[in-house]
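Chain order of the listed sequences is C and P.
Residues in the first sequence are numbered from 578 upward in steps of one, following my numbering.
Residues in the second sequence are numbered from 578 upward in steps of one, following my numbering.
Treat the hints with care, as some may be off.
Identical copies look the same in the list; a pair holds intra-copy or inter-copy alike.
DSBU-like cross-link-like pairs, simulated, lysine-lysine; straight-line CA separation at most 35 Å [to be verified]:
1. Lys619 / Lys899
2. Lys669 / Lys619
3. Lys816 / Lys785
4. Lys713 / Lys583
5. Lys608 / Lys713
6. Lys899 / Lys616
FYI, nobody ran anything at the bench for these hints, they're computed from the structure.
2 protein chains.
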Amino acid sequence: MRPTIKDVARLANVSTATVSLSINGHARITKETKIKVEKAIKDLGYFPSRSARDLVSRKTGNIGFILTDGHFLKTEPFYTQIFLGTEFEARKHPYYILLATIPTNFKEEDELPRFILENSVDGILIAGRVSKIFLKKIMTYGLPTVMIDFHYSEKNHSAVLIDNMGGVSKATNALISRGHNNIAFLCAEHEHPSIQERYHGYKIALEKNSIPFSEQLIVSLDTIISTESGYDAAKELNKRGVDFSAVIACNDAMAIGAMQFFKETGKQIPEEISIIGFDDIEIDLYQDPPLSTISVPKIDMGQDAFQLMIEILEKRINNHKKIIVPVELILRDSVKTISKLS
Amino acid sequence: MRPTIKDVARLANVSTATVSLSINGHARITKETKIKVEKAIKDLGYFPSRSARDLVSRKTGNIGFILTDGHFLKTEPFYTQIFLGTEFEARKHPYYILLATIPTNFKEEDELPRFILENSVDGILIAGRVSKIFLKKIMTYGLPTVMIDFHYSEKNHSAVLIDNMGGVSKATNALISRGHNNIAFLCAEHEHPSIQERYHGYKIALEKNSIPFSEQLIVSLDTIISTESGYDAAKELNKRGVDFSAVIACNDAMAIGAMQFFKETGKQIPEEISIIGFDDIEIDLYQDPPLSTISVPKIDMGQDAFQLMIEILEKRINNHKKIIVPVELILRDSVKTISKLS
DNA sequence: CTGAAAGCGCTAACAT
DNA sequence: ATGTTAGCGCTTTCAG
């Protein structure tokens, strides 16, 4: 039988209240008694019962982590790493993470994650793009929510977001400073806020460098972001017959697909075309040549999100705070300098 | 304020005990009262409190899922899929899955997952290879345990295992029936039980087909299984200068590394060398040619493991049961027929 | 077949 | 500064 607070109290010769107060550091307990209590706890190998604690405190000690099936099952563990980040952080706090996936295309009649229905979480983390229907449905539960790598700008949620604009601006600047003037931009899923931000970063950078913007260099597909759409986008760009020496893809998957197309058509990378992606996924390194990219600190994002949740939960900072995590440009062999600007 | 069992009792005009019995289907409650109760529950939107329930039942309603950092972070979501399988199954039962990672090289002084220390799980699922030190340490807690894709044969745990031997036998047979007589076997981490089983499957198949076994065709590296070790193993095989028309690698990662080496040395696949891996990971399809492999039903394995846990937990089937999940040979372009046997 | 009541382990007033 | 005590919401004997 596991020892209870009573056992501790008995052994330490104090009341259960004292033990409780002592453990939770709440009241001003004498140092001496605290030491006595701690010794008893140690001797007994005592650990507070979660359910008893939760019962009286009316909390669950759980945080729900929600993402879509598609995002969880993807080959590249982008969201998996974010999840792990929240898990790492949760270890330092009295919380557990409960994971649930929802259908990628969540519909009105779909059921919400069980931990919502059962009221087993004190707050939820939502990672990646989810449908508006889902968001609306879940919001009726009034749970503290932190979104990760996604948000609808018109809604006011706390969120941890990637510096999409800054990232692509960096990439664009790097290309420009290496002599590239005709830089194509390949994307898909253009209704995705992140994609719009990345596109925006591209435009801003051109502007700042007084480089004319050309619609001809933009390929925006209506499909899902993937290696295939990257391939298709490159094909489309190629068909247009415009001049370009560099390509920015809205993420690594598309960049890799694009590289594939260029190689198939006999174009040399980076001799003829420089290319930069976004995300920094592991297979970038295995490309030939290794793909340059914008690196996103995934583990950190998860940790940030969890910390934000704790703030909301404990310090009652309910003011829809947004954290923008910085990104880093990683230049590898897929980028070549054409002519240095002074 | 969430409704409690009291509210339900009041509304249904019965006692709380009746509500409880009714919900849990335990006693023979009249159909009528049961209906009354159910109506009240529905009207109130009542849901039993987990913590209250757990407190009295002295269970936690949680199952811990443990795997190593390395396995969780791997590019290929092998264990991630298994995890998702357990999660899928847990949804149908009154349990939540708590995930924790441990250091790949767990040492004596490393701390066990928090949910173990805090007694917040009723049982644990352990996926993939973990150190003996870890296993020994965790076993002192006497928690019901189900191992997945790994076990020490001398210990007696319930486990869900892959049919490693059968899988490689199938692959070997397929190669033989396509005219291959000199089949090399590439592996690493030979102390891993799964690898030994795969190796065994290879030998058995040769024997059954009366094909002489040659040490020269076996490359067993002392390193970790990876693309790199696959590359190295192929190199070593090549150095030996022995004749072979086919290669079985102990998993897909190694197979891909081996293909890389063969291609670099100008060997044609499958014209000169046929190759088969093991695992069925997504990138197999993106190889050139697409890699043949043994497919492992990862989601199923997770579900099986969870079900086994439920059996142990609820039906008290404590007899170290093992489930061997079947695998499937998937032949793709990396295998060529040399000459058909009649 | 149903109700009364004890108690699971803990926290937080309220006393002392 | 510490002890007493009343619950938190639920399950489960034990009576009736």
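**Item:** Hint numbers not upheld by this structure, sorted from lowest to highest
**Value:** 1, 5 and 6
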